[in-house]
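Asks: Generate coordinates for the entire structure from the input sequences, incorporating the hints supplied.
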Amino acid sequence: MIPDVSQALSWLEKHPQALKGIQRGLERETLRVNADGSLATTGHAAALGSALTHKWITTDFAEALLEFITPVEGDIDRMLTIMRDIHRYTARQIGDERLWPLSMPCYIKEGQEIELAQYGTSNIGRLKTLYREGLKNRYGALMQTISGVHYNFSLPMAFWQAKSGSTDKEAVSEGYFRLIRNYYRFGWVIPYLFGASPAICSSFLQGKETSLPFEKMHNGMLYLPYATSLRLSDLGYTNKSQNSLNITFNNLHDYVVALKRAIKTPSEEYAKIGLQKEGKYLQINTNILQIENELYAPIRPKRVTRSGETPSDALLRGGIEYIEVRSLDINPFTAIGVDEQQVRFLDLFMVWCVLADAPEMSSDELLCTRTNWNRVILEGRKPGLTLGIGCETAQYPLADVGRDLFNDLKRVAQTLDGVYGGNEYEAVCDQLVASFDDPELTFSARILRSMIDEGMGGTGKALSEQYRSQLREEPLEILHEEDFIAECHASLARQSEIEAGDNESFEALLARHA
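Yeah, the sequence shown ends on 514 if you go by the UniProt record's numbering, and it's all consecutive.
Hints are supplied without guarantee of correctness; some may be wrong.
[Unchecked claim] Here are the simulated DSSO-like pairs of lysine-lysine, each with C-alpha atoms no more than 30 Å apart in a straight line:
1) 280 x 260
2) 302 x 264
3) 277 x 55
4) 264 x 277
5) 260 x 302
Bear in mind the hints are in silico, worked out from the structure with no lab data behind them.
Replies: Dropping the structure here:
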């Protein structure tokens, strides 16, 4: 089932310096909660500056849903330490509130109003809040309180020069699209190893029926015995109308054309919601996607946008600059939601994905890859579980496929260790490959054992309390208090500048998004 990567791995072993200069960044979402685990109803803390323009601390869907962002870094330890500093500082600024340590929310009362993230009075700030209003009206607010970690990854230009003899945008983008196609085919390994949402609070369903055969605990927890990541299941944020968009990952032009078409394609379903009610805007437009970011995807091609530029226009201008991996659940075994082992594994897997042959994928095959993902998400630890390739009927044992993959990853690891020194990458391979012999070593199995003993709420509360104490007591290491204070003031000044610089009406801005 695994493509033959032996030639590409031999090439890599002859050109190890091509991997020197990998760049990464992390984004971690987390709900602010009260001591009893209920969702915080306070606004964004003043000491955290402007959620619109702060470099490191912003909000996602709701006022209570924080998002922490590291700068782009070449050094893994430095990146993780900066992420920890952001957590440490925030933990000291939010009083008695905690950071929820799980991807799935808990203790959200029926009918509880979840305040949308607020970004000030500028047109762009109001548009961001209206986009969230549209998400709420389309999918429900609860779906948007699910949290994850995003991992941003780019290979050095020296890699592309050595691999394809060119660093122009077409050659680099072609390489990243190969990575993306392999990610769709084999990325289920991420929820298998690191999925950490095998259970939900019954309150999450809010009385809705589900076809999933949940087992119910006396404390209201629902779980699937072999599930890995219910966050990535249809219980989470998915948009079934997106299945008809025919967005593929074969070349830059076709991808951008399909994405741009999607934000202009009307939706009968969303037209029923309407644009306004009693003078209040309900969504940006009634198209299948309000804006490009609404496209549900476990991985995205990205380029840093310029002012006023859409993500697809940025890609057209300069090609793919980096990849955003979006399939990581919050790691509940660390205060910052992600750890070094995961980052090193993702480095290995991204390099493998860019080396392995990846035939072009039709939109039909892209949908077929979802079958493997769904199996792993809902029953990944089930003994004897098998997976297929694309839309073919042949099946292969997951454990065998995983071991074959790790045979390749070990060679990548030895190359990376040779470039960066030490044996950390190889050690990660040795640690993680054992999960295919013993699924009880996976994150989902480990956290489920705690949840069955303590309840999901009990596990979440205990960890949030433990991490709150840890973070508040630890000294800052790289970013210091004066850096956070300076960025708070600078972010507020940037927001004021944006608000003062608006030169068109909000209605005119909306008309451009129709």
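Asks: Confirm or reject each hint.
Replies: Hint check:
1. 280 x 260: Judged against 30 Å, a Cα distance of about 27 Å means the pair holds.
2. 302 x 264: Holds, because 21 Å separates the two Cα atoms, which is no more than 30 Å.
3. 277 x 55: violated (35 Å)
4. 264 x 277: Since the Cα atoms of residue 264 and residue 277 sit roughly 22 Å apart, the hinted pair holds (cutoff 30 Å).
5. 260 x 302: holds (15 Å)
When held up to the earlier numbered hints, the structure conflicts with hint 3 and nothing else.
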